[in-house]
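**Q** When you get a sec, could you build the whole thing from the sequences and use the hints?
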Amino acid sequence: MQFKSKFIPVAIALAFAGSAYAQDTIKIGHVSPVSGPNSHLGKDMENGAKMAMEDLAAKGIKIGGKPVKFVVQFEDDAGDPKQGTTAAQKLVDAKVQGVIGHLNSGTTIPASKIYFDAGIPQISPAATSPVYTKQKFNTAFRVVANDNKLGGTLGAYAVQKLGVKKIAVIDDRTAYGQGVADEFVKGAKKALPGVQVVGKEFTNANATDFNAILTNIKSKNPDLVFFGGMDSVGGPLLRQMKALGINAKFMGGDGVCTDALYRLSAGAAADGVVTCAEAGGVPAELQKNMDDFRAKYKKKYGQEVQLYAPYVYDAIMTMAAAMQQANSSEPAKYLPVLAKIKYQGVTGAIEFDQFGDIKDGALTLFTYKGGNKTKMEVVK
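Sequential numbering from 1 applies to the sequence shown in the UniProt record's numbering.
Source of the hints: derived by calculation from the structure; they are not laboratory data.
This structure is a prediction, so every number in the text was calculated from the model and none was measured.
Among the hints, erroneous ones may be present.
[Unchecked claim] Lysine to aspartate or glutamate pairs mimicking EDC-like chemistry, simulated, CA-CA at most 20 Å apart: (1) K249 - E377; (2) K66 - D24; (3) K369 - E304; (4) K380 - D353; (5) K333 - D117; (6) K342 - D353; (7) K69 - E54; (8) K43 - D80; (9) K300 - D259; (10) K296 - E54; (11) K82 - D117; (12) K375 - D259; (13) K380 - D360; (14) K136 - D353; (15) K373 - D292; (16) K340 - E330; (17) K333 - E351; (18) K165 - E201; (19) K242 - D223; (20) K166 - E201; (21) K369 - D271; (22) K249 - D271; (23) K288 - E304.
[Stated by the list, open to error] Derived CB-CB ranges, DEER-like: (24) A332 - G163: 51 to 57 Å; (25) D24 - Q303: 33 to 39 Å; (26) G60 - G267: 46 to 52 Å; (27) G163 - K62: 52 to 58 Å; (28) K186 - G64: 45 to 51 Å; (29) Y301 - D209: 30 to 36 Å; (30) S328 - K300: 29 to 35 Å; (31) K165 - K380: 23 to 29 Å; (32) N204 - Q135: 21 to 27 Å; (33) Y301 - A349: 24 to 30 Å; (34) K375 - L244: 26 to 32 Å; (35) F202 - P110: 17 to 23 Å.
Beta carbons: idealized from backbone N, C-alpha and C, even for Gly.
**A** Structure follows, in structure tokens:
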């Protein structure tokens, strides 16, 4: 299999008393799945990176007293761990000074070892598995809440707010899907020790036929089905649940919490059926920043933000801010600054704990009404 790289140069034009000064080039790597079943999310991530690059260009940034230009090298991991490590090694070989990515925990975790060995800071805008930041890699950071928070909060919400007493769980056997499903069960049992897990099933990240596992689940008559996985599987799963007459509510993490889910479910994500959560949250007083970003994105690309674009944007801006504060784009020099950074982004305040996880990570709960993803509340 061949892997293609794309470079998007962003020149920062500065004039100094009529004289032109040479610009230092800062190369950032970006990895997402722009092929495969999650390509719509990968492209959304790339779009967020491009917007960040354009805004950095407009700022006219100096580092070490010199004007700089940023270039970004895009790589495709297709959501596949093997391709993800290949993409990571390509970025290391290209001597990038930082990496934004990957999306899936299953690609992020093995790639993180390659970046750590090379001393290159990595910020994931999407991976939520706790394993990623518990490897003691000082180069690994993320700008979204992890599965402990995501799954645990959803589990508690299911029993406390939705009032469910019988749950069935399906996961896609990926690091993300299994992780968030396990944490959901823990959260539900902690909040309501008597809750019944009436079925635990699994599928895979490329599955299209769920008849066997859903028939088994239907016989258990659950109040709610939790799915750990992505929208490309969650949508068809919802559609087949409806066809089989399973009237349970449906819940999932950020992987299914996309504008595309309603379309992928062929309308089965009807009003109030689905509750999902994004692994990030914007308090009311900062909502305008996110709204402005979304409006700018839609004007530029002619479509709504799918999910991760604002987190990619903030990850790049946070890395650039660390370079500015360190007065250097050398990874060894700006890495300690990044670890202690305090940055106000469009997705909220970004500050990392000792593991590289975002501090006080919030979640945003959504449902679907009239075919549209609709915000419910932000949970800290």
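**Q** Determine for every hint whether it applies to the structure shown.
**A** We went through each hint and held it up to the structure:
1. K249 - E377: holds (18 Å)
2. K66 - D24: Holds, because 7 Å separates the two Cα atoms, which is no more than 20 Å.
3. K369 - E304: The given pair, whose Cα atoms are some 16 Å apart, holds under the 20 Å limit.
4. K380 - D353: Holds, at roughly 16 Å.
5. K333 - D117: Given that 20 Å is the threshold and the Cα spacing comes to 16 Å, the pair holds.
6. K342 - D353: This hinted pair holds, its Cα atoms lying about 11 Å apart.
7. K69 - E54: holds (10 Å)
8. K43 - D80: holds (16 Å)
9. K300 - D259: holds (18 Å)
10. K296 - E54: The given pair, whose Cα atoms are some 12 Å apart, holds under the 20 Å limit.
11. K82 - D117: Roughly 17 Å between the alpha carbons, so the hint for K82 and D117 holds.
12. K375 - D259: holds (12 Å)
13. K380 - D360: Holds: K380 and D360 sit about 7 Å apart, inside 20 Å.
14. K136 - D353: Holds. K136 to D353 sits at ~12 Å (cutoff 20 Å).
15. K373 - D292: The hint holds at about 18 Å.
16. K340 - E330: Roughly 16 Å separates the two Cα atoms, so the pair holds.
17. K333 - E351: holds (18 Å)
18. K165 - E201: holds (18 Å)
19. K242 - D223: holds (14 Å)
20. K166 - E201: Given pair K166, E201 holds - Cα atoms ~15 Å apart, limit 20 Å.
21. K369 - D271: This hinted pair holds, its Cα atoms lying about 4 Å apart.
22. K249 - D271: It holds: about 11 Å lies between the C-alpha atoms, which stays within 20 Å.
23. K288 - E304: The hint holds at about 16 Å.
24. A332 - G163: 51 to 57 Å: holds (53 Å)
25. D24 - Q303: 33 to 39 Å: With a Cβ separation near 35 Å, D24 and Q303 satisfy 33 to 39 Å, so the hint holds.
26. G60 - G267: 46 to 52 Å: With a Cβ separation near 48 Å, G60 and G267 satisfy 46 to 52 Å, so the hint holds.
27. G163 - K62: 52 to 58 Å: holds (57 Å)
28. K186 - G64: 45 to 51 Å: holds (47 Å)
29. Y301 - D209: 30 to 36 Å: Holds: the Cβ-Cβ distance is about 33 Å, inside 30 to 36 Å.
30. S328 - K300: 29 to 35 Å: Check passed, 31 Å falls within 29 to 35 Å.
31. K165 - K380: 23 to 29 Å: holds (26 Å)
32. N204 - Q135: 21 to 27 Å: With Cβ atoms ~25 Å apart, the hint holds.
33. Y301 - A349: 24 to 30 Å: Since the Cβ atoms of Y301 and A349 sit about 27 Å apart, the hinted range of 24 to 30 Å holds.
34. K375 - L244: 26 to 32 Å: At 30 Å between Cβs, range holds.
35. F202 - P110: 17 to 23 Å: Given a distance of about 21 Å, which is inside 17 to 23 Å, the answer is holds.
Checked against the numbered hints given earlier, the structure satisfies every one of them.
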